[in-house]
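Asker: Sequence:
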Amino acid sequence: MGHWGRTLAVLIVLLAGPSAGETSDDEVAGLKAEIQHIREENRALQAQVSRQEAALERLESRLQAMDTGAREPSTQAVAGATPVLSDLMHVPSLTLRGFADFGYSLKLAQVDNTNSFALGAADLYMTSELTDRVSVLVEANFGSNSENAATFNFQRGLIKYWLSDLVRITAAARMHTPLGYQAYHHGSWLQTTIFRPEIYLFEGDDGGFLPVHSVGVDVSGSKEWDALDLEYNFGIFNGRGRTVTEIQHLKDKNDGKAVNLRVGIKPHLIEGLALGGDIYLDEIPGNPPAASRRADMDERILGGYLVYTTDRVELLSELFHIFHDDKTSGEEFSTVGLYVQGSYSFGRWKPYYRFDRLDVANGDPFFTAPRDQDRLKHTLGLRWDPFAWNAIKFEYSFTDLKRTPQDNDEHALSVNSSYAF
Numbered sequence: 250m251g252h253w254g255r256t257l258a259v260l261i262v263l264l265a266g267p268s269a270g271e272t273s274d275d276e277v278a279g280l281k282a283e284i285q286h287i288r289e290e291n292r293a294l295q296a297q298v299s300r301q302e303a304a305l306e307r308l309e310s311r312l313q314a315m316d317t318g319a320r321e322p323s324t325q326a327v328a329g330a331t332p333v334l335s336d337l338m339h340v341p342s343l344t345l346r347g348f349a350d351f352g353y354s355l356k357l358a359q360v361d362n363t364n365s366f367a368l369g370a371a372d373l374y375m376t377s378e379l380t381d382r383v384s385v386l387v388e389a390n391f392g393s394n395s396e397n398a399a400t401f402n403f404q405r406g407l408i409k410y411w412l413s414d415l416v417r418i419t420a421a422a423r424m425h426t427p428l429g430y431q432a433y434h435h436g437s438w439l440q441t442t443i444f445r446p447e448i449y450l451f452e453g454d455d456g457g458f459l460p461v462h463s464v465g466v467d468v469s470g471s472k473e474w475d476a477l478d479l480e481y482n483f484g485i486f487n488g489r490g491r492t493v494t495e496i497q498h499l500k501d502k503n504d505g506k507a508v509n510l511r512v513g514i515k516p517h518l519i520e521g522l523a524l525g526g527d528i529y530l531d532e533i534p535g536n537p538p539a540a541s542r543r544a545d546m547d548e549r550i551l552g553g554y555l556v557y558t559t560d561r562v563e564l565l566s567e568l569f570h571i572f573h574d575d576k577t578s579g580e581e582f583s584t585v586g587l588y589v590q591g592s593y594s595f596g597r598w599k600p601y602y603r604f605d606r607l608d609v610a611n612g613d614p615f616f617t618a619p620r621d622q623d624r625l626k627h628t629l630g631l632r633w634d635p636f637a638w639n640a641i642k643f644e645y646s647f648t649d650l651k652r653t654p655q656d657n658d659e660h661a662l663s664v665n666s667s668y669a670f
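Residue numbers in the sequence shown follow this note's numbering, run continuously in steps of one, and reach 670 at the last position.
Everything labelled a hint here was simulated from the structure, so no lab data went into it. Any given hint could turn out to be false.
Simulated crosslink set (DSBU-like; lysine-lysine; CA at most 30 Å straight-line) [to be verified]:
no., residue 1, residue 2
1, K502, K599
2, K515, K599
3, K356, K409
4, K599, K576
5, K500, K472
6, K356, K576
7, K515, K576
8, K502, K472
9, K576, K409
10, K506, K409
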């Protein structure tokens, strides 16, 4: 009979047995012997538990010593190690995300009417943390150009060193130039509308006006105070190429470097409010094959933004003023671009409106056709998010194009499904 069985037997005998007056001396002696036996077993069990606790403490002490030795190797062991042992313990892992879209557009214009299904860009977004303060990002984009040819573009490749919240250094083979508020995304799922603001169109077939992509180094940071949050970017880049579409990945065509400074604040008094400004200075290299571009051109871009965003409300406004001092002709040119956008969310539905305006300097040798057209554009749309990672957008736009051989106003209806994966 086990320990607990004998204990139970003693209790039963005590409770159910005869009274003290009726108990024989032999029964009393037997009970006393059983109680003594149980006490001895209890002492043996307690001694066994004590031995197990001591053994457990010894094992835990050894394990702690081994762990400390791995995390904090001695100076002698580290001195000859390349790289440091603690760095080898962190194995980088790759995170891959993607964005893509597909749509249909119907364009009605006095010169040309078109309707087409269109495969939007497929964007692959790869990130990895090398350490808790060093990370890398690579972004590649698959799409097509105006000639229906498939294209592949290396959009971003950078390594970021996080020294502190106030100082973060980004060295980029290619990056999105920190301009304004909405210059940073290729995946259309990330934006409310189907198309980007006119002033923010990418270089290339899109016909952009701003140097959205750059190659160089950017220092950024942020600081929190009781009244507001401050953020900044300061960058030095190769700058623009000889044409709007040329991005200087490998070699700068002149010795001048582009300098960019962006400062933004978020006042705590109005939650969701953000405002900021930007100045970008560059020397655009000459383009001798073009008679009007034999010499360099100084460029100065001034920009500002004022936005207000909450869980439901989105109010965006940005303005850019682009100045060109052409050394070939000795003339100065001034181009202005702006947009204002608003939306409000009703659950999964978000109606929106945007107004775009571009006033392109007449005769600017850098902004040649078809970028030399002034335009006013009104966009009215509805975004529906049936699923967390899928957005379906319905959009109507009216574009009033200026300085064309004939009045070429354009009406467009577009439907687009964008998704993240």
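Asker: Hint by hint, note whether the structure agrees.
Answerer: Checked hints:
1. A C-alpha spacing of about 45 Å is found between K502 and K599, which places the hinted pair above 30 Å, so the restraint is violated.
2. Note on K515 and K599: the hinted pairing holds, with a Cα-Cα distance of about 25 Å set against a maximum of 30 Å.
3. For the given pair, K356 sits about 43 Å from K409 by alpha-carbon distance, which is inconsistent with the 30 Å threshold.
4. Restraint check for K599 and K576: the C-alpha separation of about 48 Å exceeds 30 Å, so the hint is violated.
5. Among the hinted pairs, K500 with K472 is inconsistent with the structure: their alpha-carbon atoms are about 35 Å apart, more than 30 Å.
6. Between K356 and K576 the alpha-carbon distance is near 40 Å, which puts this suggested pair outside the 30 Å criterion.
7. For the hint pairing K515 with K576, the CA-to-CA distance comes to about 40 Å; that exceeds 30 Å, so the pair is violated.
8. Distance hint between K502 and K472 is unfulfilled; the C-alpha atoms sit about 37 Å from each other, more than 30 Å.
9. For the hint pairing K576 with K409, the CA-to-CA distance comes to about 37 Å; that exceeds 30 Å, so the pair is violated.
10. Distance restraint check for K506 and K409: the Cα-Cα separation of roughly 21 Å lies within the 30 Å cut-off, and the hinted pair is therefore satisfied.
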